[in-house]
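Undergrad: Residue-level listing of the chains:
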Amino acid sequence: MQDNRIEGILKAIRNEPVPDDVHELATHITSEFEQEFIVNGLSTSLWERVMKSRVTRFVAAVAAVVIGLVGVGVLIDESVSFAEVVKPLLNAGTVELDFVVGDEKDGPIVHDVVVGSKIRRTFSNMNTVLIIDLDAAKMLALEPSDKSAALVDIKGPVEKGTKNYLGIVRNVLAEVEADPNRTARPLGEREIDGRTAVGFEVGGKDMKLTIWADPETSLAMRIEMQYGESRTVLKNIRFDVDTNESLVSMDVPAGYTLQEATFDMTQFSEKDFVASLEVFAEQFGNGAFPDTLSTEVYMKQMAGLAAKIAPLDISVNEKTQLGIQFARGMLFLQSLDHRAEWGYTGKGVQLGDAENTIFWYQLNGTKVRRVIDGDLKVQETAVAE
Amino acid sequence: MKRSKRVERFNRLRAEHSEMLTSVLWKLAGDREVFAEAFQNALMGIWEHIEKLDDQHAGGYIYRITLSANSKAWRNRLGRDGCSDQSWGEAEACPEDMLDQNETATTIRQAVAELPTKQSQAVALRYLEAQDYETIAKQMSCSQAGARSLVSKAIATLRTKLESFIEQE
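So the protein lines, in turn, are chains A and B. So the number in my numbering is just where the residue sits in the first sequence, counting from 1, plus 98. So the number in my numbering is just where the residue sits in the second sequence, counting from 1, plus 34.
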C-alpha cells in the first residue's frame, strides 16, 4: 500500500464529523462516571468492570426489563366510581405519566407514554428504554449506551397479571361505572404543585385508589394506589398528548444490535426466589437478610445489581444466570400478591441461620405453608383448619 | 491533594477538553463500542493523573492519555472478539483492491492504536489534527526534525502492517 493512500485515508478520517449520538454518548458516559466513580466512590476496578463488561450490561438490561414489569401484576376485582374524573381517564387516546413505586422521595421515577396497548417506559435511575406491547406479550429493551436491544417474552404467568398502571386504574373505574351501588368518598381539597385539587377515594378488597383532580377540568393530576403494603403514586399526568407512533414501535431502531438471546421472563419459581434471597444477603446485606422485602426493595437494589455481580469470581454464564434469577425472584414475590398469603420475617437473620424462618407463603386454596429458613432450606408444613 | 480539589480540577479539565476528547477518540475509534470504552478509559486516566495535570502542561498530557485510552480500548476489542468483523479479520480476508474505504479506515485506526505512543501521537497530531511540524514539536517537546522522523516512522509502520495483512491473504 502506498504511503499517500494511507495519508489520504487519515485525512478522510480527520474530516469525518462526529455524529450527534456520539456526542450524546460522551455526555452520558461523563455523567455516569461523575456519579458512580466520583460521587459514589466506586473503585477503579469496579468502575472498569461495570462499564466495560458486556455481561453486566446484559444483567442490567434484564434488571431494567423486570422493573418494567413492576406493579403490573396486580389484579383488581372490586372498585367504586365517580363520573367526571373517570371519563378522561377511560377515554384518553394517549397518556403520559410518571410513577414511583414505594417511597415517593427515594424510589426511582418511571415515565410512561401509553398509546393504546403499548407503553414506552423510561427510568430516572438507568438509561434503558422499554417498549411494551401488552397485546403481543412482548417487550423490547433498548440500551442506548451500547446500542444493544433485547426482546423479552412476557407470555404465561406474567402476561396474565400484566397491566399498565393506567390500565389498572381504568379497570377499577370501568367496574365502578358498571356498579351503581358504589360511590367515591370525597376527600375535599388540597394543594398539589401549587394548584388546587379535589380528591376522591375508591377502594376494594385488594386496592385503594385516591385520585386528585383539577376541579375545573376534571382531569386527574395525581393518583395514589395502595395495595397491601405496597404503594405507587402516579403523577404529572397528561391526557391526549400528541405522540409519535414510532415511540412505541417494536421495531429495533437503526443502529441498534439485537441480542441473539431472547430473555425468557415467563418462568419464575420458588427456586429463583430463594436464589434472590441469597443475593440480598451476600451482595447487599453483608450476610444479613434485608429488614423488609417487597417489590420496592428489589427495585432499589436492581440498578446496583450489575455492579455487585461484576467482580464475582464466577463465569460469565453464571453471572448472567444470577442476574436473571434475582429478577425472576422478584417476579415470584410479585406473583404471590394475588395468589397467596405471605410473610417476611428475615430482619436481623443471618444467611445460614437454620433456627430462624425468614419467609413463608401459603397459596390460595391450599392447606400447606412453604417455609424458608435462614439457611435457605424450604420446608412444607400443614396448616390447621 | 484534597478530594474536593481533585474533583474541582477534574471537572474544569474535563469541561475544557471534552470536545477534544470526543473528537479525537471518535476519529481514532470510528466505532461506538470502541469509542465508549476509550472515552471511559480517558476519563479514568485524567482522574488518576489529576495531580500531574497542572494548567501549563495539561493539554499535552491529556492528549497522551487520550491516545493511550484509545489503544487500550482497541486491545480490549481484540482480546474480547479476536478478529472481529470490524477489525483485522475483515481486512485480512480482503486483498487490497477489494478493501473499500471504510474497511481500510478501520484497519488503519487499529494500526494507529498499536503504534508506539510517540509515533501514534505524532501521526494523530499531523493527520487527524492537521498540525504543522512546529506545533507538533512543541507539543511533544522535541525538535521539528524529530517530529518529522516520528511521523515518517509511523507511516512506514502503518504501511508495513497493512501490507502484511494483504500478503497473508
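These aren't lab readings, by the way, just hints derived from the structure by calculation. For each residue, glycine too, the CB sits at the ideal point set by N, CA and C. Certain hints may be false.
Derived DSSO-like pairs: lysine-lysine, alpha-carbon spacing no greater than 30 Å straight-line [what the hints assert, rightly or not]:
no., chain 1, residue 1, chain 2, residue 2
1, B, K152, B, K195
2, B, K187, A, K109
3, B, K195, A, K109
4, B, K172, A, K109
5, A, K245, B, K172
Pairwise CB distance ranges (calculated) [unchecked claim]:
no., chain 1, residue 1, chain 2, residue 2, range
6, A, E122, B, S38, 47 to 57 Å
7, B, S183, A, N102, 39 to 49 Å
8, A, D119, B, E148, 25 to 35 Å
9, B, G93, A, P409, 26 to 36 Å
10, A, L345, B, R46, 47 to 57 Å
11, A, A110, B, K172, 18 to 28 Å
12, A, E478, B, R40, 20 to 30 Å
13, A, A110, B, S186, 14 to 24 Å
14, B, G94, A, D118, 47 to 57 Å
Undergrad: Each of the hints needs a verdict: does it hold here or not?
TA: We went through each hint and held it up to the structure:
no.: 1; hint: B/K152 x B/K195; result: 17 Å, holds
no.: 2; hint: B/K187 x A/K109; result: 18 Å, holds
no.: 3; hint: B/K195 x A/K109; result: 19 Å, holds
no.: 4; hint: B/K172 x A/K109; result: 22 Å, holds
no.: 5; hint: A/K245 x B/K172; result: 40 Å, violated
no.: 6; hint: A/E122 x B/S38: 47 to 57 Å; result: 29 Å, violated
no.: 7; hint: B/S183 x A/N102: 39 to 49 Å; result: 19 Å, violated
no.: 8; hint: A/D119 x B/E148: 25 to 35 Å; result: 27 Å, holds
no.: 9; hint: B/G93 x A/P409: 26 to 36 Å; result: 35 Å, holds
no.: 10; hint: A/L345 x B/R46: 47 to 57 Å; result: 38 Å, violated
no.: 11; hint: A/A110 x B/K172: 18 to 28 Å; result: 26 Å, holds
no.: 12; hint: A/E478 x B/R40: 20 to 30 Å; result: 57 Å, violated
no.: 13; hint: A/A110 x B/S186: 14 to 24 Å; result: 20 Å, holds
no.: 14; hint: B/G94 x A/D118: 47 to 57 Å; result: 29 Å, violated
The structure is inconsistent with the numbered hints 5, 6, 7, 10, 12 and 14, although it conforms to all the rest.
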